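Asks: Turn these sequences into a full structure, and let the hints guide you.
According to my numbering, the sequence shown holds residues 9 to 292 in order.
Treat the hints as calculated values from the structure; they're not laboratory data.
What you are looking at is a predicted structure, and each value in this text was computed from that prediction instead of being measured.
Cβ atoms here follow ideal geometry from the backbone N, Cα and C, with glycine treated the same way.
It cannot be assumed that every hint is accurate.
[As the list claims (entries may be wrong)] In silico DSS-like cross-links for lysine-lysine, where the CA-CA straight-line distance does not exceed 30 Å: (1) 223 x 175; (2) 223 x 288; (3) 261 x 288; (4) 288 x 226; (5) 141 x 223; (6) 181 x 141.
[As the list claims (entries may be wrong)] Label-pair distances were calculated between CB atoms; the ranges are: (7) 256 x 51: 22 to 32 Å; (8) 138 x 251: 39 to 49 Å; (9) 259 x 94: 39 to 49 Å; (10) 63 x 179: 19 to 29 Å.
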Amino acid sequence: MSTICRKCTSYQKKFVFQNALTKRLVALTYAQEGKQIDCDAIKVCQDMMKQNTGIFSTFRGDMGLYIATLLSLTEDPQAVFRETLIVYDFLKAERFRASDFLIVAAFQVASQSQKSDYARVIQRTRAFYDDMKAKHFFYTGADDYIFATMLGLGNLDVTASTARIEKIYDFLKNEFWTKNSVQTLAQVLVLGESDDAGVDRVLVLRDAFRSEKIKLDKAYTLPILGILALLPVDSNSLIPEIDRAQAFLRNQKDFGSFSVSQQELLMLAASMVVNDFADKFKDE
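Replies: Have a look at this one:
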């Protein structure tokens, strides 16, 4: 936990004028990779992106720094970015609107699939997104591009998976206030191939966290609650870990209540706990 705090502090000094939330996301990304932040490598990638995009390009927006960070962690940033631009144009040709979310989706496809598979992945992504939009017109927007892409990258059947998303949504929609986040939660559970017991576990964990005054059932943290429900770890182990993580973060420089909201703090703490448990499972 101290690692992410050190990374965040050093990183903020190097990129003073960038969005603070994005900088914390970048620090978390490097921490999850178990690497020291390479500010020089990120700056090189940032400059490369500027040289290959127009002044009003979305790649120069808030999430551009995050993309530069992801590129800095690849073996060949130039090649991956070149493919990312190609995929980005393909996605726009498929009627996806330019946005911060779309550049992340483009990077996902470029970095996780073969060039020969781009068309299939993008068609699947479009199919998943169109189904979401048809069922929930007002809740579905650019913020769903990333999960639609993650579903498109996999091999889950589109018809069966979208039906499953809707079934989970219907089951959970009256349990939580923010319906858009419930849709994202359902997408997380389907991506994790959760069975009905896993869906029930979301409510069990919610109640367990609530009893300890940890509110993971809000708009920005609800998807994380879904990820926690997918872990083969009981609430007696999860609750103290997340409680310790958020308490530790809150007492660090640049993580005070005026700098980081409670929901963002919980999201960071839960993400670190998820990553720690995932690493343990890999080693077993």
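Asks: So which of the earlier hints does this model not fit?
Replies: 10
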